[in-house]
Every structure is written in C-alpha cells, then in structure tokens.
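Engineer: Here are the chains, one letter per residue:
2 protein chains.
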Amino acid sequence: MKIITLEWKNNKIKLIDQTKLPHKLEYLYIDKAKDLWQAIKLLKVRGAPALGAAGALGVYLGIKDAETGSGVIFARELDKASRYIASSRPTARNLFWGIERVRQVAKDNKDNSPATIKKLILEEALRVIASDMDSCRKIGQYGSDLIKDNDAVLTICNAGILATIDYGTALGVLYRAKAEGKRIKVFACETRPLLQGSRLTAWELKNKGIDVTVICDNMAATLMQQGKVNKVIAGADRIAANGDTANKIGTYSLAVLSNYHKIPFYIAAPASTFDLRAASGRGIRIEERGRREISELLFRKEIAPIGVKVFNPAFDVTPNNLISAIVTDKGIIRQPYTKNIKRLINRRGE
Amino acid sequence: MKIITLEWKNNKIKLIDQTKLPHKLEYLYIDKAKDLWQAIKLLKVRGAPALGAAGALGVYLGIKDAETGSGVIFARELDKASRYIASSRPTARNLFWGIERVRQVAKDNKDNSPATIKKLILEEALRVIASDMDSCRKIGQYGSDLIKDNDAVLTICNAGILATIDYGTALGVLYRAKAEGKRIKVFACETRPLLQGSRLTAWELKNKGIDVTVICDNMAATLMQQGKVNKVIAGADRIAANGDTANKIGTYSLAVLSNYHKIPFYIAAPASTFDLRAASGRGIRIEERGRREISELLFRKEIAPIGVKVFNPAFDVTPNNLISAIVTDKGIIRQPYTKNIKRLINRRGE
Chain A
1 MKIITLEWKN NKIKLIDQTK LPHKLEYLYI DKAKDLWQAI KLLKVRGAPA
51 LGAAGALGVY LGIKDAETGS GVIFARELDK ASRYIASSRP TARNLFWGIE
101 RVRQVAKDNK DNSPATIKKL ILEEALRVIA SDMDSCRKIG QYGSDLIKDN
151 DAVLTICNAG ILATIDYGTA LGVLYRAKAE GKRIKVFACE TRPLLQGSRL
201 TAWELKNKGI DVTVICDNMA ATLMQQGKVN KVIAGADRIA ANGDTANKIG
251 TYSLAVLSNY HKIPFYIAAP ASTFDLRAAS GRGIRIEERG RREISELLFR
301 KEIAPIGVKV FNPAFDVTPN NLISAIVTDK GIIRQPYTKN IKRLINRRGE
Chain B
1 MKIITLEWKN NKIKLIDQTK LPHKLEYLYI DKAKDLWQAI KLLKVRGAPA
51 LGAAGALGVY LGIKDAETGS GVIFARELDK ASRYIASSRP TARNLFWGIE
101 RVRQVAKDNK DNSPATIKKL ILEEALRVIA SDMDSCRKIG QYGSDLIKDN
151 DAVLTICNAG ILATIDYGTA LGVLYRAKAE GKRIKVFACE TRPLLQGSRL
201 TAWELKNKGI DVTVICDNMA ATLMQQGKVN KVIAGADRIA ANGDTANKIG
251 TYSLAVLSNY HKIPFYIAAP ASTFDLRAAS GRGIRIEERG RREISELLFR
301 KEIAPIGVKV FNPAFDVTPN NLISAIVTDK GIIRQPYTKN IKRLINRRGE
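Line by line, the protein sequences give chains A and B. With the first letter of the first sequence counted as 1, position 222 gets the number 222 in our numbering; the numbers rise by one all the way through. With the first letter of the second sequence counted as 1, position 50 gets the number 50 in our numbering; the numbers rise by one all the way through.
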C-alpha cells in the first residue's frame, strides 16, 4: 500500500488523520488555516518534516483569500497568517523553517502584485514538499551505511513516512537498509503518552513488511541489557548548533541507556531541522501538553485519580555527547558537532 | 481513609480489587483457592509482600475442606494446594515464602491430626499477615533516615499500602518521613503496561495527603536531567544473594538513569523478599505476560495494529552495583552486598 502523508490536491491539503491510526486510514481535506492549525495542535498531522510542509502550505491557506488591492494590507495579512500557523506547536524547527521559506519568497518578490506573491508562495510550498521527499531519500542513502545485516534496531515515536511526506527519516534509513537486502528487526517504543510508536511506527513498518515488535517505553533498558537490540535510531524536532537534539520525550532516556550499554545512538533528520541560532539545547523551547494525555488514555478512560497532577513535556533534549552520529540529507555528521554541523549545514537549514 | 489491602474475615479473604482503582474502592470476598489464583493472576491483588500473605492463606483455602481421615491423603492434598497457588505468578519471592511458611508448620507438626494441622496452617497464615505489618513499619523506620526535608522522590509501580497489608515498603519509607515532619514531593512513574503507578500509587499518596505528580515512564530521565528529583526508591519482587533485584519492569531503567545522573537509587523490601538460593539475578525467573496488556489499553481499545508482536516482560533485574542501599525490616544493607545480605538475612528470609 502506497501511503502519502500529506499532499496538495484540488486546492486543498489532503492529509492522513493520524489520530485515527492504526484503526482507520482516513484522510482530511483542509482549505482553511484554522482547520490546519487544529490538525497540527491535535497531532492529526505531526512529525517535524511533515510540519515543514504544513507550515508552508498553512501560510498559503491563510493568505489565499486576502485582498489583493493593497500591497501594505497584504503584507500585514501575510504576517498574521505566518504568526498564526507558527503558534500551533512550539518545538519542531521545521514548522518555522517552512513558514520562513515562503515568507522569504514573498520578501524577495515584494515589488510584485499580491496576486503574484500568492502564486509564488504556493509554488514555494510545493517545492518544500518536493524537497522533503528528496531529503528523506538522501537520509536513507547515507544512513543505511550505519545498518548491518541482522541488526536489531530500537526506535521511538514515529520518524517514518507518517512524520514526513513519504519515506521518513529514521525509518527511511531502515527502509533503505531493507531495500539493500539487509535483514533487520525493529523494536518500537510505544511512546507514551500519545503512542505514536505503537499506533504509527508499528503500523507503517508492518505495511512495509519489516519485522516489528512493540515495547512499553520502560522496557528499552531490559532489551539492551539482554542484548536484544544493538542500535538505536530516532528522528529530531530541533537540533542546536552543537548537535544537542530535541525530540519526542523519552529520546534522552534512550540516549543515556545506549551510552550505558555501549550501543550506538543515532539521530536522523534533514538539514531543515537544524536551528543554528540555538547554540545548545538550552535554547530550545519545550512544549508542555495537557494533563489528560497522561491521566486518561487517548481521552477514553481515566487511569489516574481525578485531579492528580501530571508533568507532560512533549519533548526532551539529548546532549551531543550522547549522540554517536547525526544522519542528514547532506551526509553523516559526527563529533566534534559544532564544527562539523557548521561545515555541512547553512543558516537556512539547507 | 484507612485502607487494608487484605485481611482474613468471617472465614474469607477480604481484599481490595485493585483492577478497579482508582475509579472504585471495591472488595472481593474469597473462600476458594481457584478464585484466589485468578485474583493473583489478574493482579486484583499484587505486590510481593501482599502475595506472601495471599500465598499462605491460599494454601489454607486449598486444604480447608480436604478429607481429614487419612494423614497420607491429607499430605498429598497439601502438596497439591501449595503447587497450585505457587503457579499463579512466578517472580515474586514472597508468594513462595508465604507458602513455605505454612508448609513448614505442617511439616513440623506432621504427627498431629489433619484437623489440627489445618488449624495450625491458618494460624501461621495469620502470623504472616501480622509480621508483614510489622516488617513494613520497620522498613519505614530504617528507611526514613535516607529521606531529607524537601526531597523529591521518584518511584515506580506500587510498593505501598496496596502492595502489602498496610503501610507499604518504598512508600512506607515516605509515609514515615512525612510523619516525622519532612516535606517531600513524590513523582510516580505511571508504570506501563498496567499503570500501577498512576492508578494505585497516585491514589494512595493522594489519600495520605502527599504531594504526588504522575509521569509517563519515558519522562523519568528528563526529571533527573532537570534536577526535579533527587532520589529514587522502589520495591522488590525478589532479591538475590548478591543484591541483584527483580522488580517491576522499568526499575532497571531507573537504576541506570540514576547512576548516570548521580542520584541515589534505593530498594525497600522485607527480608522475605530475599532469595538466598539465587546467587545473582541470572537465577531469577522473569514472568512474561500477555500481548493485550501492551496492544490494548487495559483491554479497552486497540492501540497497536492487530496481531503486532509485543515483548511484555513483567519484571527486570537491577544489578547490585546500581543500587545505593537496600532498606529492609532488619536494617539498611549497603555494598558489599553478598557479605552484608548474608550477615543480616537468613535462608528463611527472616
């Protein structure tokens, strides 16, 4: 089954409603910025690279019906539309990167008519989609060198097809390794609270015919202790200039556990995930989400006492010293990170 | 609210059905061995020390209606009843210890009539209950020395009132610290797959007026990284002669993370949890449980693709080098463990 996470079709964003998986493969057709904002907030579409495309198209949805009479008013509408989409989620770098890309096009062409700028914004957003597909293939090519025949690889959250337009980042590396004939086994951390690992990663790996086993997040250490996994690979939401990496909560835990068990710990992400303005992980804002994600299971049934306090950060930061390599669409980056990231990735994340 | 996890009342075991918490405080009244076996298997009653009492009373339920005409036939029935209750769960040492205690009484009095032996078995089972209550108080007294004013303590699963007859082991230490006027804050790992942390620990700590915050298991490392917890304390299901400790899955992970973050990691358990016949953790059998605990949430709703493989060990083993101290009812044990355990705990776990 061919899956496309997000595409532009008949003047609408067509995207998989990921909150319905693995039960139902259901699509949403979105042509209003506020519906896209909701879809991002509620994680119907998620994954840093996919959010890059969503951000770029989101700006277009926000200005497509704007008045084209006055350049000044249009510029104000564009600002408003950009800020609005940017407010949906704070951590994933790619969301802001996608928005900046279309804003840059508007800026570079500000002497054109608003009607022309609208068209240029849409074209740029479609280029963001195309370049994401290209980046994922390259990440897969570079990263598959790190995967050997008979590897057992642990992953967290979903850094696959469903986190990108197609193919994925961390899972793209595994798809490529498989295509090259390597036999691999994957363990997927279920990834509480929202279970992207068991719902999404297990679903897409099964679809692709890859041997996948779901574990609860607290079982990862035991897998390592028993020698049942020999590599860890995860995606990223934002990577600082020194390689410190923000990703789904639980990633840092896996990095420490990998370090203790002497297992390589890899991050896979496109250049657009790097935020060179953040010198280290301390500069990355971490989203804290609502209590019900923890105290109820997918909003169905209470599992904690009513009113109990919860702590629900959506991401954590893994310091660069715990990362064995970062696989990007520009090549594999290793220690020393600050120097090597600077050499390979420019300020625009390209 | 005074809670008693399990008691012997009107010739029945009265116990809290822990699968109903935190929604409902509901009691089961059990007078048949097979109903007790089910209750243990389905974790309606759980926690190593509580299983010690359940094991002892379970043997009594199994033989209370046995023929008393023949000593030989009665001995055979006693064997059968013991093996049956022992088959309910494999890891918790205390279950076997409770069974052995009543069997030893039968052995020591084998020249008495079966009717007398029945009576002696019940009396011994009631002594197991009384001694558990006493052990927990002592663990609390010894352990509270490790807790300072303003500590923030992380715990996993439930090693509290609900894991014992009352008071608890790891949580008993905290109850005692609070009674001594120390201000403490507790973080409870929700403890997938069965959520004993969010369902049981959060419930009983809230009842006792202790400040408790629930986290998903994969958030523990982040709490440590941010300096939000400065101690970890957990219970134990079985402790080997060298201090290697089997406890709820996820405990080993916390031990490695504590080690990395230089946070003390404590185990609290009664002498009856020690299994001196196991030289190390390698000798401990780990229960693997069913797939639906992971692939569905408390059997309510599928959260993983149908038929996906899962790995569902119920416990893990923490090597002694990662344990800062073991708090027991005989005192606090530290490195070197093999020597110090031998000095304090005898082969009978007394």
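Since the hints were derived computationally from the structure, they do not count as laboratory data. There may be inaccurate statements among the hints.
Said to hold, decoys possible - Pulled from the structure, derived: some chain A residues nowhere near chain B, Cβ distances all over 12 angstroms:
#, residue
1, L120
2, D217
3, A221
4, R291
5, S295
What the hints assert, rightly or not - Pulled a few chain A residues facing chain B out of the computed Cβ check, cut under 10 angstroms:
#, residue
6, Q104
7, E190
8, H261
Unchecked claim - So the derived list for chain B, only partly shown, Cβ under 8 angstroms to chain A, looks like this:
#, residue
9, E7
10, W8
11, L25
12, Y29
13, D31
14, I210
15, V214
16, A220
17, A221
18, G250
19, S253
20, Y260
21, I263
22, S295
Bear in mind the structure is a predicted one, so any value in this text is a computation, not a measurement. Just so it is clear, CB atoms sit at the ideal spot from N, CA and C, and this is done for glycine as well.
Engineer: Please go over all the hints and tell whether each is borne out by the structure.
Structural biologist: Here's how the hints hold up against the structure:
1. Every CB of chain B is more than 12 angstroms from the CB of L120 of chain A (nearest about 42 angstroms), matching its label as outside the interface.
2. The beta carbon of D217 of chain A sits about 4 angstroms from the closest Cβ of chain B, which is not more than 12 angstroms, so the claim that it is off the interface is violated.
3. Not every C-beta of chain B lies more than 12 angstroms from that of A221 of chain A, the closest at about 4 angstroms, which undercuts listing it as non-interface.
4. With a closest Cβ-Cβ approach of about 9 angstroms to chain B, R291 of chain A is found to fall inside the 12 angstroms limit, against its non-interface label.
5. Not every CB of chain B lies more than 12 angstroms from the CB of S295 of chain A, the least distance being 7 angstroms, so the non-interface label is violated.
6. Using the Cβ-Cβ criterion of 10 angstroms, the hint placing Q104 of chain A at the interface with chain B is not satisfied: the shortest such distance is roughly 34 angstroms.
7. For E190 of chain A, the suggested interface contact is upheld, since its CB lies about 7 angstroms from the closest CB of chain B, less than 10 angstroms.
8. Nearest Cβ of chain B to the Cβ of H261 of chain A: about 8 angstroms, under the 10 angstroms cut. The hint holds.
9. Among the interface hints, the one on E7 of chain B is violated; its C-beta lies about 24 angstroms from the nearest C-beta in chain A, farther than the 8 angstroms criterion.
10. A hinted interface residue such as W8 of chain B counts as satisfied when its beta carbon comes closer than 8 angstroms to some beta carbon of chain A; here the least separation is about 29 angstroms, so the hint is violated.
11. Violation of the interface hint for L25 of chain B is found here, the shortest Cβ-Cβ separation to chain A being roughly 11 angstroms, above the 8 angstroms cut-off.
12. The beta carbon of Y29 of chain B comes no nearer than 25 angstroms to any beta carbon in chain A, farther than 8 angstroms, and the hint placing it at the interface is violated.
13. About 31 angstroms separates the beta-carbon of D31 of chain B from the nearest beta-carbon of chain A, more than 8 angstroms, and the hint is not met.
14. Evaluation of the I210 of chain B hint against chain A yields a violated restraint, the C-beta minimum of about 12 angstroms exceeding 8 angstroms.
15. Residue-level restraint check for V214 of chain B holds (minimum Cβ-Cβ distance to chain A is 5 angstroms; threshold 8 angstroms).
16. Of the supplied interface hints, the one on A220 of chain B holds, with its beta-carbon coming within about 7 angstroms of a beta-carbon of chain A, less than 8 angstroms.
17. Hint status for A221 of chain B relative to chain A: holds, with the closest Cβ pair at about 4 angstroms, below 8 angstroms.
18. About 3 angstroms separates the beta-carbon of G250 of chain B from the nearest beta-carbon of chain A, less than 8 angstroms, and the hint is met.
19. Given hint, S253 of chain B at the interface with chain A, holds; its Cβ is 4 angstroms from that chain's nearest Cβ, closer than 8 angstroms.
20. For the restraint placing Y260 of chain B at the interface with chain A, the shortest Cβ-Cβ distance is roughly 5 angstroms, inside the 8 angstroms limit, so the hint holds.
21. Given hint, I263 of chain B at the interface with chain A, is violated; its Cβ is 12 angstroms from that chain's nearest Cβ, farther than 8 angstroms.
22. Taking 8 angstroms as the C-beta contact cut-off toward chain A, the hint placing S295 of chain B at the interface holds, the least distance being around 7 angstroms.
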